[in-house]
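Construct all of the structure, not just a fragment, from the sequences and the given hints.
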Amino acid sequence: MTDTVQSSLAETRAPAKVDLKTAVAKRLKARHAAEMRFRAYGVLAICVAVLFLGILLERIVHQGYTAFVTHSITTEVYLDPNRIDPTDIMGANYDQMITEQVMAKMGVAEDEYGTTSGEYKEILSPDLGFKALEALRDDPKLLGKKISLTSPIAANADLYYKGEISRDIVEADRNVSDQQMVWMDDLKTKGLVKGHFNTYLFTNTDSTQPELAGLLGAIMGSAMMLLVTAALAIPIGVGAALFLEEFAPKNRWTALIEVNINNLAAVPSIVYGLLGLAVFINWLGMPRSSPLVGGVVLALMALPTVIIATRSSLRAVPPSIREAALGIGASKTQAVFHHVLPLAMPGIMTGTIISLAHALGETAPLLMIGMISFVPGLPESVTSAASVLPVQIFIWENASERAFHERTAAAIIVLLVFMIVMNLAAILLRRRFERRW
Amino acid sequence: MTGYLFLALIVFSVASFMFGRSLARRKAAAQGVRAHSLPAFSGWFVAIWSFIPAAVVLLVLVIFGARLENAIVQSDVPAAVQQLPELNQGLFFQDVRAIANGGTPSTTVYDGELKAAFDHKVAQARSVDSTINLGAYVLTAVLALAGGLLAYTRISPQFRARNSVERWVSVFLVACSVVAILTTLGIILSLLWESLRFFQSVSPLDFLFGTHWSPQIAMRADQVGSSGGFGAVPLFIGTFLIMLIAMCVAAPVGLFSAIYLSEYATPFMRAWIKPVLEILAGVPTVVYGFFAALVVGPSFREFFNWLGAFMPGTPMGEYLMNVQNQMALVAGVVMGIMLIPFVSSLSDDIINSVPQSLRDGSLAMGATRSETIKKVVLPAALPGISGAMLLAVSRAIGETMIVTMAAGLQAKTTLNPLDTVTTVTVQIVTLLTGDQEFDSPKTLAAFGLGLTLFIVTLALNLIAQRIVQKYQEQYD
Amino acid sequence: MKLYTRPLYAPDTSIGKPRDPSMTTTATTPKFVARDVKVHYGDKQALHGIDIDILDKSVTAFIGPSGCGKSTFLRCLNRMNDTIPSARVDGTILLDGEDLNDRKVDPVVLRARVGMVFQKPNPFPKTIYENVAYGPKIHGLATSKEEMDHIVESSLKKASLWNEVSDRLHQQGTGLSGGQQQRLVIARAIAVGPEVILMDEPCSALDPIATAKIEELIDELRQQFCIVIVTHSMAQAARVSQKTAFFHLGNLVEVGNTEDIFTNPKDQRTQDYITGRFG
Amino acid sequence: MKLYTRPLYAPDTSIGKPRDPSMTTTATTPKFVARDVKVHYGDKQALHGIDIDILDKSVTAFIGPSGCGKSTFLRCLNRMNDTIPSARVDGTILLDGEDLNDRKVDPVVLRARVGMVFQKPNPFPKTIYENVAYGPKIHGLATSKEEMDHIVESSLKKASLWNEVSDRLHQQGTGLSGGQQQRLVIARAIAVGPEVILMDEPCSALDPIATAKIEELIDELRQQFCIVIVTHSMAQAARVSQKTAFFHLGNLVEVGNTEDIFTNPKDQRTQDYITGRFG
Amino acid sequence: MNPHTVKTYGEELDQLSAEVILMGGLAEAQVADAVEAVARRDVALAQSVIQRDQRLDELEKDIERKAIRLIALRQPMASDLRKTVSAMKIATSLERTGDLAKNIAKRSLVISESEPMSGLTRSIERMGKLVSSRLRDVLDAYKGSKLDIAQAVWSSDTEVDEHYNAMFRELLTYMMGDPRTISACTHVLFMAKNLERIGDHATNMAEHIHYEVTGEDYMNERPKLTTMEP
Amino acid sequence: MNPHTVKTYGEELDQLSAEVILMGGLAEAQVADAVEAVARRDVALAQSVIQRDQRLDELEKDIERKAIRLIALRQPMASDLRKTVSAMKIATSLERTGDLAKNIAKRSLVISESEPMSGLTRSIERMGKLVSSRLRDVLDAYKGSKLDIAQAVWSSDTEVDEHYNAMFRELLTYMMGDPRTISACTHVLFMAKNLERIGDHATNMAEHIHYEVTGEDYMNERPKLTTMEP
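Chains as they are written, first to last, in this note's numbering: chain C, 64 to 500; chain H, 4 to 479; chain X, 76 to 354; chain L, 76 to 354; chain G, 3 to 232; chain A, 3 to 232.
Worth flagging that the hints you see were computed from the coordinates, not collected in a lab. Some hints here could point you the wrong way.
[Said to hold, decoys possible] Distance condition first, Cα-Cα at most 30 Å in a straight line; then the derived DSSO-like pairs of lysine-lysine:
{"no.": "1", "chain 1": "G", "residue 1": "LYS145", "chain 2": "G", "residue 2": "LYS68"}
{"no.": "2", "chain 1": "X", "residue 1": "LYS113", "chain 2": "X", "residue 2": "LYS201"}
{"no.": "3", "chain 1": "L", "residue 1": "LYS341", "chain 2": "L", "residue 2": "LYS179"}
{"no.": "4", "chain 1": "L", "residue 1": "LYS201", "chain 2": "C", "residue 2": "LYS92"}
{"no.": "5", "chain 1": "H", "residue 1": "LYS377", "chain 2": "C", "residue 2": "LYS92"}
{"no.": "6", "chain 1": "G", "residue 1": "LYS63", "chain 2": "A", "residue 2": "LYS145"}
{"no.": "7", "chain 1": "X", "residue 1": "LYS341", "chain 2": "A", "residue 2": "LYS68"}
{"no.": "8", "chain 1": "G", "residue 1": "LYS63", "chain 2": "A", "residue 2": "LYS148"}
Below is the structure:
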C-alpha cells in the first residue's frame with residue numbers, strides 16, 4: 064500500500080527523481096545549523112564592538128585617573144628683604160630664595176645650597192615663586208614678613224608620590240634622582256606635601272609646567288566656540304532644511320542643493336579647515352586661533368548634519384498633518400511653523416545636539432586655523448586666541464613630559480564626560496519624545 | 004557701538020510690532036470687518052520692515068567696514084612710504100590700523116618723514132573710520148524709521164499682511180539654504196585658487212604620479228629638483244592601505260552588529276547596545292588617536308616583537324623584532340573601530356527600511372530567520388549597504404587625527420601593514436602647522452592635497468548617495 | 076443680495092459666521108460648477124475635461140476604479156493640487172459663481188470655505204480642544220475664550236463627538252479610536268464654518284462600525300453643508316449619497332441620482348463597474 | 076491509512092507535491108481542530124478560548140470588528156505569533172490531528188504546509204520568477220532548472236497570473252500592479268505546495284476590480300486548498316466563503332454556513348453586527 | 003433590537019413596514035366595503051371601492067420600488083433583508099387582495115341590477131366577515147411580528163374553504179332551481195371564489211410573516227381541503 | 003455584456019435565469035396538458051398535471067431561496083439586481099400559473115364525469131392554445147431579453163379577455179338552456195376564468211421582463227377591457 068502511494072505521489076510531480084524525503088531531512092538539519100552559525104556571527108560582532116569600547120575606556124581611565132589627584136606643598140615663606148629689592152620686586156630670584164628656605168626647614172645642610180639647591184628646586188614648582196611675587200605685588204607691605212604659600216609640587220615629584228616612578232628603575236633612566244627621592248620622602252613625612260584632588264586641572268589654564276597646566280582655558284575656549292557654532296548652525300540649518308523640505312519646488316536647483324548638502328556632510332573635516340584658513344583668515348582677515356573662526360568653521364561643518372537631521376525629522380512628520388492644516392485653511396507657513404516644526408523639534412534637537420557634540424570633539428580643522436598654538440591665559444572674547452579641549456589633548460599628547468600623558472588622558476576623560484552628557488541628553492530626548500506614526 | 008545700535012534696532016522692531024498689531028486691530032474694528040490677516044501679521048510686517056534693511060546695512064558695515072577703510076587709507080600712499088620695501092609698506096599700514104583702532108602695533112619705530120606720514124595716516128584712518136561709522140549709523144536709523152513708517156501706512160484690513168510676511172519668511176529660508184551652496188563654492192574656490200598657485204610651481208602630473216614625497220627638502224631652494232619632492236603617490240598608497248585595513252575591521256563587525264541588532268536582538272538588548280555603539284560613535288577622533296598612539300601602537304609592537312622572537316635568525320623574525328609603534332596596521336585597526344558604529348548605524352537604518360512585510364512573507368513560507376536575512380533582507384538592502392560602505396570608505400580616507408597621531412610621517416610606497424606609512428591628511432596637517440611662509444610651495448602643497456582629497460571623497464559620496472537614494476526610493 | 080456668497084479674496088467678513096439660512100442658495104442652484112476641468116501631473120494627463128454641477132445641501136459621491144481621477148478632481152475643489160508642484164489645472168470651477176482658480180483667489184481663504192477630510196484620520200498631536208480650536212484661531216474667528224469654547228463645543232456636537240469627549244477635551248486627540256479621530260477631524264473642519272466639506276475616502280481606514288457612524292454623521296451634515304465624498308466602496312456611495320458620479324480613466328462617465336446609478340445606470344461602463352464586470 | 080497526514084516534524088517528504096485527490100481528507104474531516112485557544116499579548120488577553128473546526132477544501136472567513144481577535148487567531152494557525160516576543164498561545168490546535176504547538180513541531184515545516192498571504196502585497200524585490208522560486212529553493216524542492224521552471228509555471232497558473240506575466244518573468248515583481256502583486260504572493264505561497272492558505276485581509280489594499288479578481292482566485296483555489304481568510308468586509312466574507320466565523324471581543328460568537336450567517340444568524344451579536352446595529 | 007447605527011437606514015426600513023401596514027389597512031377596508039356593497043346593494047360604495055383600488059396599486063408599486071432601492075443602496079442583511087423581501091411579497095398579496103375586492107365590487111354592481119338574493123348575499127356577507135377578520139389578524143401579526151397569530155391564521159384556512167364549498171353547493175342548487183338567476187349567481191359564485199382567494203392570500207401573508215420573523219423556510223404543507231370542489 | 007469578474011457570481015445569476023426558464027417550460031406544459039386533458043377528457047393526463055404541480059412549487063421556493071441568497075451574499079446591483087428581483091417575481095407568477103393549470107386539471111376530472119360538451123371544450127381548447135402561446139412568447143422574451151416580444155404579449159392581453167367574455171356569455175346561454183349542465187358549466191366557467199388569469203400572469207411577466215431589461219418602471223396602464231363582464 065505504502066509503495067503504491069509513494070509511486071503515485073512521485074508520478075504526480077513531473078520530473079522528480081531525487082528522494083525528497085532524505086533531501087529535505089538533510090537540508091533541514093543544515094538549515095538550522097546555518098541559522099545558529101549566522102546568529103553566532105552577530106553576537107560575536109556585537110561583542111567585538113563592545114569589547115573595543117571597553118578596552119578604550121579602560122585604558123583611558125587607567126591612564127588618566129591619576130591626574131585627578133595631585134600633591135601640593137604648603138610652606139611658610141619669609142619674604143626676605145635682603146634678597147628682594149623693594150624697588151624692583153620683579154628682579155628677585157624667588158625660586159632660589161624659597162628653595163633655600165625649604166631646604167633649611169628640612170634640615171638640608173646649608174653648605175650644600177650651592178650645589179644641591181638646583182636639584183632641590185626641581186622638586187618644587189616655580190609656582191611658589193610666582194605666588195610669592197604676586198602676593199608682594201598685591202601688598203608691598205608684606206616685604207619682610209612670613210606668608211604661607213601652597214602650590215602644586217613639580218610634576219615628576221607628583222609622579223613619584225603617586226608611585227609611578229619606582230625606585231627599581233635605574234637612576235639614569237628616570238627623571239628623579241635617588242637624592243630627590245630621599246628629600247621627597249622627607250617632605251611627605253614632615254607633612255609639607257599633601258595629596259588631594261587636583262583642582263588645578265580645572266582652575267588653571269595651559270602651562271608649560273605640567274603641574275600647573277589646567278583645562279580651564281580649553282573648556283572656556285570650547286564653550287565659546289560651541290556657542291558660536293550653535294548660534295550659526297542651528298538657525299541656518301533649520302531654516303535651510305525647512306526650505307528644502309517644505310517650501311522648495313522640486314526642481315533641478317533644489318536637487319542640486321540637496322546633493323550638495325549630502326556631499327558637504329561627507330566632506331572630510333580637514334577640508335573645512337582648509338576653507339577656514341583660506342577664506343576666513345587669509346581673505347577676510349579674521350583673527351587666527353580665535354573661537355570665532357573656529358566656531359564659524361565648525362558651524363559650516365555641522366550645518367549639513369543639522370540640515371539632514373532636521374530634514375529627516377521633518378520628513379518623519381506625516382504629510383497628513385500638513386494636509387490637515389492646509390485643509391482647514393492654514394497657509395503653508397502656518398502649517399509648517401504651527402505643526403510640522405514643533406512635531407519635528409525633538410528630532411531636530413537630538414540631531415543638533417549630536418552634531419554639536421561632534422563639533423566639540425573635532426580637532427583637525429582647528430589645527431588648520433592655527434588653534435595649535437600655546438595659549439596660556441583665558442580667552443577674553445570670541446576674537447582672541449584660545450585653545451579648545453580636543454586640541455589641548457592633541458598638544459599635550461605630543462608633549463614630552465611624562466606628566467602630560469596622564470593629563471592628556473584626564474583631559475580626554477573630561478572631554479568624554481562632556482560628550483557623553485550631550486549624547487545622553489540626545490538619547491533621552493529621543494526616548495522621551497519618540498513618536499511612532 | 005555697533006552692538007548697542009543692534010540692540011536698539013531690536014527694541015525698535017519690537018515696538019514696531021506692537022504698533023503695527025494694534026493699528027491693524029483698531030482699523031478692522033473701525034471698519035467692522037474681519038481683516039484678511041490676523042493682526043499679529045501686520046505687526047510682523049512692520050517689524051520686518053523696520054529691522055531687515057537696517058540690519059543688512061549694519062552687517063555690511065561689520066564685514067566690509069574695515070576693508071573699505073583700508074582701501075581708502077591705502078588709496079594714496081605717501082611718498083615716504085612708497086620708498087619702503089613692499090613688505091614694510093604692509094607693516095606700516097598694519098600699524099596705522101592698530102593705532103587708529105586701538106590694537107597693539109608692531110615694535111617698528113617710525114621717525115622723521117615716516118613719522119609725519121604715519122601720524123597723518125592715523126588721523127586719516129580715524130576720520131575715515133568715524134565717517135564710515137557715522138554714515139552707517141545714520142543710514143541704519145533712517146532705514147529703520149523709513150521702513151517702519153512705510154510699512155505702518157500700508158496696514159489696513161484689506162492688506163494681505165500674512166502673505167507679505169510669509170514671503171519674507173521664504174526669503175530667509177532661501178538665504179539659509181544658499182549658505183550651503185556658498186560653503187561648497189567656498190571650498191572649491193579656495194582649494195582651487197591655492198592649488199593653482201601650487202601647480203604653477205609643481206606640475207600636476209608630477210604631483211599626481213610622482214613617487215617621491217619630501218616637502219621638507221623642497222623648502223630649501225638650494226636643493227636639486229625642488230619639484231621632485233612633491234610626488235603624492237606614496238601618500239595615496241598609504242591612505243589606501245589604512246583605509247583597506249579599517250574597512251576590513253569595520254565592514255564585517257559593523258554589518259553583523261547591525262544585522263544582529265535589527266533582526267535578532269530583543270528590544271531590551273537593543274535598548275542597551277545601541278547607546279553603547281552611539282558612545283563609540285561619539286568618541287572624538289583625537290581620543291582614538293591617543294588610544295592608537297599610546298595603547299594600540301605599543302601593544303601591537305610588543306606582540307609582533309614577541310612573535311619575532313619565535314623565529315630568530317630568519318629575515319621574518321628580524322623584521323618583526325624591529326617593528327615600530329607607528330605602523331599602518333595600528334592606524335587602520337583603530338580607524339576600523341571608529342568606523343564600526345558608523346557602518347552599523349547606517350546599515351541598521353537601511354536594514355530597518357526593508358519593510359517588515361517582506362520578512363513576514365519569507366518567514367510565513369517556512370524560511371528560517373537567517374535564510375530570510377540572507378536571501379530577502381540583505382539582497383533588498385544590498386544597494387543601500389554598499390552605499391553605506393562607500394560612505395565609510397570616504398570617511399576613512401578623510402580621517403585625520405588617528406593617522407596624524409598613529410600612522411607616522413614617512414612617505415613610503417608600501418602595502419606592508421606593519422610598515423609605517425603616511426597619508427594625505429597627515430601631510431596636510433604637518434605642512435600647515437609649521438611656521439612657514441604662506442606662499443611657499445610647501446604650504447600650498449597642502450591645498451593641492453586637500454583638493455585631491457576633496458575630489459576623491461566627493462566622487463565616492465556622489466556614487467554612494469546615488470546608490471542609497473535609489474535604494475530608498477524603492478521603499479517609499 | 077449677493078451677501079451670502081463670501082468673496083474668495085480679501086477681506087473676508089464672514090468666515091465662521093453661521094450663514095443666514097434665508098439667504099443661502101437653494102438646493103437647485105449648484106454650489107460648484109465645473110467646466111472642462113483638465114489636470115496634468117507633469118506630462119501625464121489625469122483628467123480629460125470634467126463637466127459637473129455639484130448641488131448644495133446634499134452628498135455627492137465620486138466613484139470609480141483606482142487612478143480614475145476622482146481624488147484628483149476632489150482636490151481641485153479646494154485647490155489642494157496647488158501643493159503638488161507638478162500639477163497643472165485647466166478649465167473653470169466656479170464656487171458660488173466665482174472662479175476658484177482666479178489669481179486673485181487666496182487658496183487659504185478658499186480652503187476655509189471648502190474644508191477637507193482625508194483618508195487616514197489625521198488629528199494634530201494636540202489635545203482635542205486644540206485640534207478643533209486651531210482653525211478658528213488662525214482665522215481669528217473667536218475674540219474670547221468663551222467664544223472659542225462655544226465654537227469647539229458646537230463643532231464637536233455637530234460631529235456627534237461631544238458626548239464621547241466632553242469630559243476629556245484636554246486629552247490628546249491621537250488617543251481616540253480611529254472612528255472618533257475621523258469625527259474629530261470632521262469637527263475640526265466644521266469649526267471654521269465651511270460651506271463645503273470634501274471627504275477623500277474618509278472610511279477606508281476604519282472598521283465597519285466606525286464606518287457606519289461616519290456615514291450616519293455624513294447623512295446628518297448634509298442638512299447644512301455641501302458634501303462631496305470620494306469612495307472606493309460602491310456600497311458606501313450607495314448608502315450615503317444623493318448624487319453619484321462615476322469616473323473612469325480620467326473622464327466623468329456618468330452622473331445622476333444615486334438611486335438611478337445603482338439600479339439603472341445609463342452608461343455601459345458604469346453598469347459594468349457597478350455590477351463588477353470590469354477588467 | 077493515515078498516509079495523507081504529513082508529519083509536522085521533519086523529515087517531511089511531501090511539501091510541494093500536489094496531493095493525490097483520492098487520498099485527501101474528505102470535506103467533513105476538519106483540517107484544523109482548535110480547542111480552547113487563548114492568546115495573551117503581554118498582560119492583555121486577546122483571545123478567550125476559541126473552539127472551532129475548519130474544513131478542508133473550503134473557504135472559511137473570519138469576520139468581526141477591529142480588535143476582535145480574528146487576525147490573532149489566524150496567526151495561531153501557522154505560529155506566526157512566534158515572531159512576536161510578547162505573545163503567549165495556550166490551548167490546542169490540531170492540524171490533521173497533530174498539535175501545532177507541540178515542541179517537536181518545527182515552525183519551518185509547519186509554515187511550509189500552512190502558507191500565508193498578508194494585507195499588503197509583499198513581493199520580494201526580486202524578479203517574478205525568483206519570487207515564486209524562493210520557497211521551493213529554500214526547501215530544496217527542485218533539483219533542476221526544469222523542475223523549478225515547472226513549479227514556477229504551475230504556481231503562477233494556479234494563481235491566474237501566468238497569462239499576464241509569462242512574457243516578463245524576469246522583471247521585478249514589485250513592478251506589478253497591486254492586484255497582480257497580491258496574486259504573485261499567492262503564487263509564491265502555492266509554490267511550496269501548502270495544504271492551507273491563510274489570508275489576512277488580502278484585499279484591503281486593493282481597489283474593487285483587483286479585489287474581484289482575488290476573490291475569483293480564492294474561489295478557484297478552494298478546490299485544492301483549505302483557505303482561511305480574515306476580512307473586515309462582510310460583503311467579501313459573504314461572497315467568497317462557505318463558512319463564516321464571527322469574532323467579538325476575543326470570543327468566537329458564532330460559526331456556520333455563510334448563507335445562514337448572512338440570512339439568519341443565530342446569535343443576537345452576530346445579527347447586530349451583520350445588520351449594522353453595533354455600538 | 004438595537005436601533006441601526008445609520009438612522010436613515012432604520013427609518014427607511016420602518017417606513018417600508020409602515021407602508022405595508024397602511025396598505026393592509028386599505029386592503030382590509032376594501033374587502034369589507036366590497037362585501038358591504040354586495041350586502042347593501044350599495045352602488046356608490048361599490049363605485050368607491052373600484053376607484054380606491056388605484057391607491058393600492060400605487061402603494062404596491064411604491065413599496066416594491068422602495069424595497070428594490072433599499073436592496074440596491076443599503077445591502078440589507080439577515081433580518082433586514084427578510085423584512086424587505088417579505089414586505090415586497092406581502093404588498094403583492096395585498097394588491098391582489100385589493101384587485102379581488104375590486105372585482106367583488108364590480109360584480110356587486112352587476113347583481114345590484116338583478117333581483118336581490120338575500121340568502122346568498124348573507125352567505126357572502128358572512129364569508130366576507132370571516133375573510134376580513136383573517137386579514138385583520140394577519141396584519142396584526144405583521145405589525146407586532148406575532149408568530150402565534152400568523153400561525154393561527156395559517157392553520158385556519160380550511161374554514162374559509164369550507165364556507166366556499168358550502169356556498170358553491172348552495173349556488174348550484176339556486177341556479178338549478180331558477181335558471182333566470184344563473185347570470186347573477188355566477189357573479190355571486192365568483193365573489194365567493196374571490197373571497198376564498200383572499201383567504202388564500204391571507205394564508206400566504208402568514209407564511210411570509212413566519213419567514214420574516216424566523217428566517218425559516220415556509221411551513222411544510224398548507225392545510226388545504228383536498229376537495230374536488232375547488 | 004462582459005462576463006462577471008467573479009465567475010461564480012455570474013454562474014449563480016445564470017443559474018437563476020435558467021431555473022426560471024425551466025420553470026416557465028414546465029408551467030407552459032402544465033397549461034397545455036391541462037387544456038388537453040379537458041379537451042380529451044384524459045383523466046390520466048389530468049392526474050399527472052395535478053401531480054406535477056408539486057415540482058413547480060418546489061422550483062418557485064428554490065428560485066426564491068436562491069434569489070435571496072444572491073442578494074445576501076453578492077449584493078447585486080443595477081441589471082443584476084433587477085434580474086434577481088424579476089426572477090423571483092416571475093417565479094411567483096409561474097407558480098400561480100401552475101396552480102391555475104392544476105385547478106383546470108382538477109376541474110377536468112370533475113367534468114369528465116359529466117356529459118361531454120364539445121362546443122365548450124373546444125372553446126376552452128382554443129383559449130388554452132392562445133394562453134399557452136402567450137406564455138411561450140413571454141418565456142421567449144425572458145430567455146432572450148427581447149423587449150419587443152414582451153411588449154407584444156403585454157399589449158395583446160385584450161385578446162384573451164375577449165375570448166373569456168365570449169365564453170362567459172356562451173356558458174350562460176348554455177346553462178340557461180340546460181340547467182343540468184350548470185354544475186359542469188360552472189367548472190368550465192372557472193376553467194375559462196383560470197385561463198384568463200394565466201393570461202394576466204403572462205402580462206405581468208411581460209411587465210417584469212420590461213423592468214428587468216430597461217430598469218424603467220412598469221408601463222403605465224395595462225390595456226384591460228373595461229367591461230363589466232369580469
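Tested hints:
This hinted pair checks out: G/LYS145 and G/LYS68 have alpha carbons roughly 19 Å apart, not beyond 30 Å. For the hint pairing X/LYS113 with X/LYS201, the CA-to-CA distance comes to about 38 Å; that exceeds 30 Å, so the pair is violated. For a cut-off of 30 Å, the pair hint linking L/LYS341 to L/LYS179 is broken: about 40 Å separates their Cα positions. A hinted pair counts as satisfied when its Cα atoms are at most 30 Å apart, and L/LYS201 with C/LYS92 qualifies at roughly 27 Å.
With a C-alpha separation of about 17 Å, the suggested pairing of H/LYS377 with C/LYS92 holds against the 30 Å cut-off. Our distance criterion of 30 Å between C-alpha atoms is met by G/LYS63 and A/LYS145, whose separation comes to about 25 Å. Restraint check: the Cα-Cα separation between X/LYS341 and A/LYS68 comes to about 28 Å, which is no more than 30 Å; the hinted pair holds. Taking the CA atoms of G/LYS63 and A/LYS148, the gap is about 23 Å. The hint holds against a cut of 30 Å.
When each numbered hint is compared with the structure, violations occur for hints 2, 3.
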